[in-house]
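Each chain, letter by letter, is given below.
There are 2 protein chains.
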Amino acid sequence: MSGRVYIFDTTLRDGTQGEGISLSVEDKLKIAQKLDELGVDYIEGGWPGSNNKDIEFFERVKSLNLKHAKISAFGSTRRKGAKPEEDANLNKILESGVQVASIFGKSWDFHVTKALETTLEENLAMIYDSVRYLKDHDLEVIYDAEHFFDGYKSNPEYALATLEKAHAAGADWIVLCDTNGGTLPDEIKEIVSTVCERIPAKIGIHAHNDCELGVANSLAAVQAGARQVQGTINGYGERCGNANLVSVIPNLQLKMGYEVISADQLRSLTAVARYISEIANVSMPINQPFVGTAAFAHKGGIHVSAIRKHPRTYEHIEPGLVGNKQRVLVSELAGQSNVLFKVQELNLDIPLDSEAARAAIQRIKALEHEGYQFEGADASLELLLREATGNLEEIFTVESFKIIVEHSSDRSGVVTEALVKIKIGDEIVFTVAEGNGPVNALDNALRKALEQYYPAIKDMHLADYKVRVIDEKNATAAKVRVLIESSDLTHSWSTVGVSPNVIEASWQALVDSMRYALIGKERIKTPSSTRPQLGIINH
Amino acid sequence: MSGRVYIFDTTLRDGTQGEGISLSVEDKLKIAQKLDELGVDYIEGGWPGSNNKDIEFFERVKSLNLKHAKISAFGSTRRKGAKPEEDANLNKILESGVQVASIFGKSWDFHVTKALETTLEENLAMIYDSVRYLKDHDLEVIYDAEHFFDGYKSNPEYALATLEKAHAAGADWIVLCDTNGGTLPDEIKEIVSTVCERIPAKIGIHAHNDCELGVANSLAAVQAGARQVQGTINGYGERCGNANLVSVIPNLQLKMGYEVISADQLRSLTAVARYISEIANVSMPINQPFVGTAAFAHKGGIHVSAIRKHPRTYEHIEPGLVGNKQRVLVSELAGQSNVLFKVQELNLDIPLDSEAARAAIQRIKALEHEGYQFEGADASLELLLREATGNLEEIFTVESFKIIVEHSSDRSGVVTEALVKIKIGDEIVFTVAEGNGPVNALDNALRKALEQYYPAIKDMHLADYKVRVIDEKNATAAKVRVLIESSDLTHSWSTVGVSPNVIEASWQALVDSMRYALIGKERIKTPSSTRPQLGIINH
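Protein chains in written order, with my numbering: chain Z, 1 to 539; chain D, 1 to 539.
A portion of the hints provided could be inaccurate.
Same chains, same label: a pair holds when it works inside one copy or across any pair of copies.
Unchecked claim - With a straight-line cut-off of 20 Å between C-alpha atoms, the simulated PhoX-like cross-links for lysine-lysine are:
#1 K114 <-> K153
#2 K365 <-> K53
#3 K423 <-> K521
#4 K34 <-> K70
#5 K479 <-> K466
#6 K30 <-> K53
#7 K53 <-> K479
#8 K153 <-> K255
#9 K448 <-> K423
#10 K135 <-> K70
If you are wondering where the hints come from, they were derived from the structure by calculation, not from laboratory data.
Please put together the full structure from these sequences, using the hints given.
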């Protein structure tokens, strides 16, 4: 078995149907960029006929200059009894400026008569006209046969007739959808085989995970002749989600010998899956196949002694092939090589086997154990390594801070004040500021304290702020991890803070961000006449 | 296809190898009780040869008087070069007093020589002697062929020879293990078929989920002739987990027509899966197939209008068959039909086309525009609909709150205090409490105020807390959305708050959670002698 299998990613469309998944246009653009780097062939960006956010996405995605992936817009076949050229939904696809359209139509006679409330003949005409209309406008057309497997089981001849119409109208791909996710791998295999025999078209599969068989069904369809797999990163999607591409891709490539993405792209799989889970703000299950932090973690004593001798004894693949790594849960051995790599990258003047390097690694391990994560916080990691190796000048130190949030029935809304006391050189600087919230107030107060000494601070701003509960078992008493992304005129950096207290965690990340911003920046000796005002509480 | 398939649950043994899973003896007894009620045939309680906790479990489980399930103890074949009667591990199984033993041996030549460091012949003798020894003591013996599929691929004749030895020694079941979870369903099917032809024994399957194929592999083995499935509840287990019985059972029974458990027991599946996730203290993914809260949740407007007409259009099974239920999510993607569906579901006494219903929809749309999201906040939505339609008694009103967070250089860490003033009936209640963070402090203070009037509040706790920045372009001044999930003894609910201030957003969600918890609960008229203390600031 071999050959090329194409990946159609619908994280940005079907993925957002998942409960708790909500993506801004910014989020969608960041994800599209990553998907392109991963090497997927198609990125379904949204449904321009359904909302303005998706229209904005299609407009802005043009400026990303993707290297490989084609952007596809979603839509349905024309309305019953209308002409395609008068169909707003189809015309929105054309207006969105994409090269690829993916439109869905009905294959299940029950759906045609009960949900669509039209005749079987009109449905065939709707499929033909819609595909033809888009082909006449030179789009690549992917026809999604909704509920195909249920339709086939109910009325095979009619289900096949809908595909024949799409093919006759010129559809480039015909994708068989198990919309309700209720079909078993054997049925998928048998039905896809029949379709491949009957319809001389390129066939794809769109599976859902309602029976925990989304990945298995996708693989079964490929074995039966399908050459396009639709799915989402981490299996996001309505109900139990779509087929998880993060598992589909390595299974196809490493286990079944198909060509999907390059070996280098496959090595980015873990990073991409984790990045997208961060953007979507959905914590990745630690036991997620291939890419979870526990996917190659060994706990049992027997397993551990065996994997020391031969990793293959308890690992089905070499974890590095998908960018993951082995972990031994009793003695954390991971990470060391990454840290050493970083020390080298920063050009810190210390030998890799020195006491200082070892101390830095110990410190990082201890912090990771507390819940810090430096993968998404390069600047915090750099500060830590510089500090541990004596390569950091002190910019300022924190004396204290205080936050007061007051919500009164007799005042309009909430008032937040932050008091910050820091030491810059020999001077104590004490400021107060208001803000929209506690973190904003702290940001304002700290900025006010610093900018009279370091005018460069005016050029930097906070670009993103994320909060993640690390151990949700303890709910509001659980630890939280705050990630702050900051930018100045030329680059951006990320910092991290961890605490059971969201304010304290935010403060740590905020302080790191400003310390990082000011590395190597000039300190102004403020004229003494202006100094006293810093001690005065103002805002 | 039909017949009886036996379920062997190893949640208490293999399940506890999962990262983050740790069960006390008490926990294990509670789970064993539930598994028996669910109707599993075997419960693997632990490995008496490896630790004293498991020995205590086997002692105490005798007093549970299980109705159906047999308790099994785990162990390995005898040590190389020793006699079974001198093997402490095998003797511990006998001492544990179980009727069933499950012992594992090596099938993979590579493992025999590299991990076990013995000869292929001695391994065969170890298998024979160990099974024979346990059979001589009248136990039912389940022989687990570790790494069978990898072993078969490496050296089929040797792998089959190990099974023949177990069979010749009298093993009641021979279970083929895909220990590393790397085998694909097709290979499983082919190899299990061959084994069934060659070995005249009852065959079982033990699959892992490393390729996200644990369920598919279990089903494939049954199709090929296996009649015992080993797995764990919710798929707990080492690395990516074991085959998830919560998906295996309904697939076998509802989709493939096998007899597994009774229809009544199947209806308890959702409750059992959630109960065990509570005991294991692992939050259940909302999108878990069959039993997750999102497994039958509908978000897209098109889907919703269709399921109102005919549930079968977008549901692969009737959710009640596994004890789950349909939910309609209200979100930006959905239309008016979702809200109307919800009004109906809540049994609110208003016509769907009334002024009150329209006003509720307008209010929801306006709030969604501000960043609220009700798809993950059923309880907030219910409060809102009840309020809009005059179906809500007032439990308490908020007068004011105040939060002080102080981080001083001269005190250890951060101190957080919350002051809360609410009105219950005609009385003002003013409390203060400390907490790990501002939200925890507010939770503590509000709870203190309420519990003297509503003792029922003690039964509820916050189970999860999520923060999402809605529009990250404004960074720390951006709006945040807070989702809080709460539970009491019988069910769980979710609430939402939105504000640029994370404290205010959390407060809204917290207040909604407690209001919801107290709907219909009795208010105690606190004796007046105890009342004055409520006005005193204490914690």
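Hint by hint, here is what the structure shows:
When the C-alpha separation of K114 and K153 is checked against a cutoff of 20 Å, the pair qualifies only within one copy, where the shortest distance is 17 Å, while the shortest distance between copies is 50 Å. Taking CA atoms no more than 20 Å apart as the test, K365 paired with K53 passes between copies only; the shortest distance there is 16 Å, against 42 Å inside one copy. For the homomeric pair K423 and K521, the shortest alpha-carbon distance inside one copy (17 Å) is at most 20 Å, but the shortest distance between copies (54 Å) is not. Within a single copy, K34 and K70 get their C-alpha atoms as close as 13 Å, which meets the 20 Å cut-off; across copies the closest is 51 Å, which misses it.
Taking the closest pair of Cα atoms, K479 and K466 come within 20 Å of each other both inside a single copy (14 Å) and across two copies (12 Å). Taking the closest pair of Cα atoms, K30 and K53 come within 20 Å of each other only inside a single copy of the chain (15 Å); across copies the shortest separation is 49 Å, beyond that limit. For the identical chains of this complex, K53 and K479 are inter-copy neighbours only, at 18 Å across copies versus 34 Å inside a copy, given an alpha-carbon limit of 20 Å. In this assembly of identical chains, K153 and K255 lie within 20 Å of each other by CA distance solely across copies; the values are 14 Å between and 30 Å within a copy.
Taking identical chains as interchangeable, the C-alpha atoms of K448 and K423 lie at most 20 Å apart only when both belong to the same chain, with a minimum of 13 Å there against 39 Å between chains. In this assembly of identical chains, K135 and K70 lie within 20 Å of each other by CA distance solely inside one copy; the values are 16 Å within and 63 Å between copies.
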